[in-house]
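Residue numbers (my numbering), protein chains in the order written: chain A, 1 to 416; chain B, 1 to 303; chain C, 1 to 297.
Just so you know, these hints were derived from the structure itself, not from any lab.
Please note that a few of the clues may not be correct.
Heads up, simulated DSS-like pairs for lysine-lysine below, C-alpha to C-alpha not over 27 angstroms straight-line [unchecked claim]: (1) B/Lys53 with A/Lys382; (2) B/Lys151 with A/Lys177; (3) A/Lys313 with B/Lys53; (4) B/Lys151 with A/Lys159.
Label-pair restraints from in silico Cβ distances [what the hints assert, rightly or not]: (5) A/Asp216 with B/Pro68: 43 to 49 angstroms; (6) A/Asp400 with C/Thr73: 44 to 50 angstroms; (7) A/Asp400 with C/Leu282: 56 to 62 angstroms; (8) B/Phe108 with C/Thr73: 28 to 34 angstroms; (9) B/Arg107 with C/Asn158: 55 to 61 angstroms.
Where is the CB? At the ideal position from N, CA and C, for every residue including glycine.
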Amino acid sequence: MKKSLRWGAIVAAATVTTLALAACGSSGGSSTDGKSIKVVIAEYSKDHTKKFWDEFKKTYEKQTGVELKLQVISWNDIDQQTSTMVQNNNAPDILNLNAYASYAADGLLYDSSEVLPAATKADIIPAFVKSGTYKGKFYGFPDLSSARALFYNTELFSKAGIDAAPTTWDEFVTDAKKVEALGDGNVGYALPLGPEEAQAEFAIWLFNNGGDFKEDGKWTLNSAANVKTLEFLRDLNVKDKVTQNNPGSTNRTDGAFSLFEQGKAGMVVGFSPLQGALDSDHPDVKYAIAPMPSGDGAEPQTYGVTDYLMAFKKDGNKDAVKSFYKLYYQADQINKWIKSEGFLPVTTSGLKEFADDPKLKVYLDTLPNIHLTPTDDPEWDKVKLTIQQNIGLAVGDNGDPKKFLDDLQAQAEANK
Amino acid sequence: MRRRRRERGTASPVEALLWLGPALVLIIGVVLYPAITLVATSFSSYSITGLRKGDAGITNYTTFLTSPDLPKVVGNTAIWVAAVVVITIILSLGLAQFLSKEFFGRRFVRWAVIVPWAAALVISSQLFRLILDYYHGILNQALLTLHVISKPIDWLGDPHFTLPSMIAVGIFVTIPFTAYLFVAGLNGIPGDVYEAARIDGGSPWQIYRAITLPLLRPTLLIAVVLNMIYVFNSFPVIWILNGSNPGFGNDTLITYMYKLAFRSAQHDVGLSAAAGVFNVLLILIAVAVYLRFVNWREGSKNA
Amino acid sequence: MSTLTEPTLAARNTALLKGRRRTGWKAARRWVMPLGGLGVILFFIWPYLVMLFDALRPSGEVLATPPTFFPKTWTMDAFAHVVTDPAFHNWLRSSLVVAVAATIIVIVVAIPAAYFTARFSFRGRMLFLGLVVVTQMFAPTSLVVGLYREFYDLGLINTYAALILTDAAFNIAFALWILQGFFSAIPKDIEEAAALDGCSRVGTLFRVMLPLTLPGIVTAITFTFIAAWNEYVVALTLIQDDALKPLTVGISSYVTAYEQNWSQLFAASLIAIVPVVILFALIEKHLVGGLTAGAVK
């Protein structure tokens with residue numbers, strides 16, 4: 001008996017020592033000495049992201065004398081890594097992410113009055129300021145933007161006897177059917193409703209049928225128009241059969257986009273990076289870009305997205321953060337990065353600078369009136385996740401669009 | 001006085017600490033603290049951002065245990081682990097026999113068998129995801145060309161095929177490790193045992209069943225237990241092959257746990273930690289049950 | 001070496017006993033086995049041949065619909081790009097440092113522990129073995145948050161040391177179990193003979209026991225090296241600097257949502273497999289051996 005007690009005591013002592021060792025050192029990571037800031041950037045591309053930010057780091061350090069610790073994380077992992085940092089009270093000073101409202105709601109962020117130059121705020125496109133504003137304060141500073149449009153394969157179209165891009169949903173279905181009829185593995189419309197970015201695809205159709213996620217501050221997820229939209233998408237798959245196999249399990253990068261890049265899809269909703277990929281890797285695919293077809297006869301709506309560069313409140317880092325934004329929003333910095341990644345500007349001055357690029361004209365014209373998802377509501381972060389994870393089931397053979405949207409609406413309202 | 005071959009000497013705990021100390025320090029130091037963090041997290045309430053909001057008591061556990069998707073996920077996990085472990089063990093036993101024989105080119109075969117193990121699981125999974133793809137996959141292309149099928153099969157998206165495809169890939173990447181375990185184990189069996197058996201005149205299969213398998217028992221035990229644990233905790237294969245599918249219908253407990261934290265409506269790391277603790281307890285019980293079962297059989301044999 | 005002559009000896013014996021029936025198989029064996037070997041080789045490497053050909057075609061062709069097994073356009077661009085990329089060199093170096101160090105630590109730590117556990121009873125023996133197995137049951141994904149916290153408090157975040165220690169800790173269990181099994185299987189007589197010859201406990205361990213457990217050691221080395229080489233989520237969490245990232249994390253940047261370099265991804269992955277196969281090729285002959293290496297006799 002004595003020996004086992006001794007053994008147990010040894011193990012216990014080891015445990016306590018380990019815990020003590022681990023607990024020593026400050027667990028309060030929410031203060032800094034202002035001598036360094038940690039910047040976490042999402043990896044948009046291997047070739048351009050790190051390159052720009054390494055140079056930015058050098059410029060910043062030279063200008064301010066503050067050390068800039070840079071960490072570039074893949075989009076696949078950034079959510080988990082950010083959560084790990086926040087859980088350990090060790091959030092970065094600047095974070096590049098595709099959501100901000102939940103962080104603002106938790107009181108973690110600086111707002112524009114504290115860290116953003118007034119001139120910059122005035123320069124940012126108003127639609128983006130609005131979507132970055134939570135409870136009257138501007139927290140979500142945009143880093144770059146993108147806009148979606150309808151891409152169509154001109155060769156397939158002419159083969160199928162279609163001379164113009166569709167402007168109504170009925171025309172859209174007819175055109176898609178004509179492309180399908182060409183056979184040879186050609187798909188009318190590549191519809192990505194897999195877990196990657198399903199909410200984006202859903203959003204652009206939804207906006208063009210007179211619907212929205214929120215109206216007048218209330219959730220309208222299961223409005224009649226939205227249900228019709230989702231049923232339309234389901235019909236594309238099940239009834240009209242003009243989509244690729246299993247849209248609910250198709251993502252963009254290795255599914256919908258790649259089909260279009262191989263010249264096997266008549267139409268797809270794309271954005272400027274897709275253009276870049278087509279032009280450099282798939283020059284044999286002849287395509288054109290058109291506004292989205294309308295479901296309710298109204299003007300075509302463009303759907304856009306911005307990501308955010310938000311700043312975490314910590315004692316002592318305000319000045320360093322201010323200098324960061326001052327430098328980043330200089331035209332020669334922000335626009336240089338946006339151009340290299342192939343995205344769209346977020347400032348009115350940027351719009352002018354990008355205006356001489358003919359390839360981007362179709363997006364730039366729509367940017368000021370762009371329609372965005374309600375990223376200013378923390379509840380949207382959860383709604384978005386549900387759409388991403390589950391909408392694919394709703395457009396399958398056994399899918400029930402109305403039930404899906406009803407459940408979604410209930411979820412959004414339950415947490416109000 | 002006859003001594004049993006495997007009798008152990010006795011030693012004091014102090015001496016034990018000396019020999020085991022470094023291992024203990026490393027294991028306890030590195031694994032124990034995060035394990036405690038996991039448990040603490042499971043009893044806390046978190047915001048979607050990862051900010052700790054306060055204590056949660058057992059709500060994370062009750063939420064997790066009553067989630068409607070859980071039964072399917074547990075079922076998937078059971079099938080996944082059982083199928084991969086059993087089939088892998090059987091195939092690896094055969095392969096190990098083969099790799100232990102002398103023949104021309106054996107060296108190259110051994111190198112080839114190491115390749116799936118040497119490749120990162122993430123990369124192999126990504127590779128198979130492309131191979132099994134409906135449109136871009138070489139498998140469908142081959143089967144169509146050989147007229148085995150007339151229409152492509154949705155190996156990853158069709159619920160009938162998703163789990164079998166994942167199991168097949170799981171087996172493929174697990175065989176090399178298991179086979180080499182058995183190769184090492186087989187080489188631990190003294191050769192005179194075989195010589196005696198053959199002189200006594202037994203068929204190869206009889207020798208295998210009566211001599212080899214029993215002598216492989218310790219290695220078999222390690223192989224089953226370790227594989228149970230690794231396959232249960234295996235993340236990349238399921239995550240990547242199931243990555244385009246909506247819902248939770250093909251998830252195992254380990255990917256479900258991850259989704260609870262980062263891909264579901266809850267986006268709750270506390271809930272995910274409760275799932276993590278549940279997973280550890282589950283595999284612990286499973287291994288304990290297996291060990292008890294094996295010991296029981298061995299005990300009753302010697303009686 | 002007796003495994004070489006064993007089957008032939010036995011076969012000849014049986015042939016003498018059972019008549020001519022066996023000689024047919026013995027003759028056919030010389031080409032049937034290598035043929036079977038070829039089949040096995042193809043079975044295990046065919047997906048990686050697909051990967052090789054994907055690395056040898058332009059990135060745009062990788063997702064071709066319908067796909068072709070051989071590239072339509074052959075190009076070494078992907079390999080050239082990867083091999084000349086200084087980032088890739090950094091990743092490779094990181095992976096080598098971490099994997100080699102972790103393997104060394106595991107072997108050095110596990111051998112004494114396995115020997116002692118196999119040979120001696122002591123209070124807490126079962127507890128120790130149980131603890132070792134239980135630590136294997138925690139999925140790394142569950143532990144990263146705590147690991148991050150622990151190493152942050154120790155000031156070891158973003159260092160090789162953190163990753164090496166973690167990889168070592170995660171893999172000790174396997175090395176311990178397998179070596180323990182091998183040590184247990186060695187008959188007591190051998191140890192006693194060594195003791196009679198005047199060997200200390202440590203000396204016995206090194207000069208007598210270890211050579212007999214070589215297959216187990218080789219397996220443990222292979223397992224640990226591969227596990228450390230291919231580890232992803234812990235490396236992702238503990239390492240922030242690009243210069244310190246290992247291959248697994250670095251390679252994931254070839255394909256993003258906005259820019260996909262499939263052929264480079266596969267070229268880099270293939271290159272990453274090479275060091276492991278080389279290591280294995282160097283040590284695999286020691287998988288043979290053990291008790292038949294003429295120990296007691």
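Checklist entry - Measuring from beta carbon to beta carbon, are A/Asp400 and C/Leu282 in 56 to 62 angstroms? => result holds (60 angstroms)
Item to check | 27 angstroms Cα cutoff - pair A/Lys313, B/Lys53 | outcome: holds (17 angstroms)
Next on the checklist: Check the hint pairing B/Lys151 with A/Lys177 against an upper bound of 27 angstroms on the C-alpha distance.
Outcome noted: Given that 27 angstroms is the threshold and the Cα spacing comes to 20 angstroms, the pair holds.
Checklist entry - Hey, B/Lys151 versus A/Lys159, does the alpha-carbon distance stay inside 27 angstroms? => result holds (25 angstroms)
Next on the checklist: Is 28 to 34 angstroms respected by the C-beta to C-beta distance linking B/Phe108 and C/Thr73?
Outcome noted: holds (30 angstroms)
Checklist entry - Does the structure keep B/Lys53 and A/Lys382 at a Cα separation of 27 angstroms or less? => result Holds - the C-alpha atoms of A/Lys382 and B/Lys53 are around 17 angstroms apart, at most 27 angstroms.
Item to check | A/Asp400 paired with C/Thr73, Cβ distance criterion 44 to 50 angstroms | outcome: This hint holds: roughly 46 angstroms between Cβ atoms.
Next on the checklist: The hint says 55 to 61 angstroms between B/Arg107 and C/Asn158; measuring C-beta to C-beta, is that right?
Outcome noted: violated (41 angstroms)
Checklist entry - Does the Cβ-Cβ separation between A/Asp216 and B/Pro68 fall within 43 to 49 angstroms? => result violated (33 angstroms)
Hints 5, 9 from the list above are not met by this structure, while the remaining hints are.
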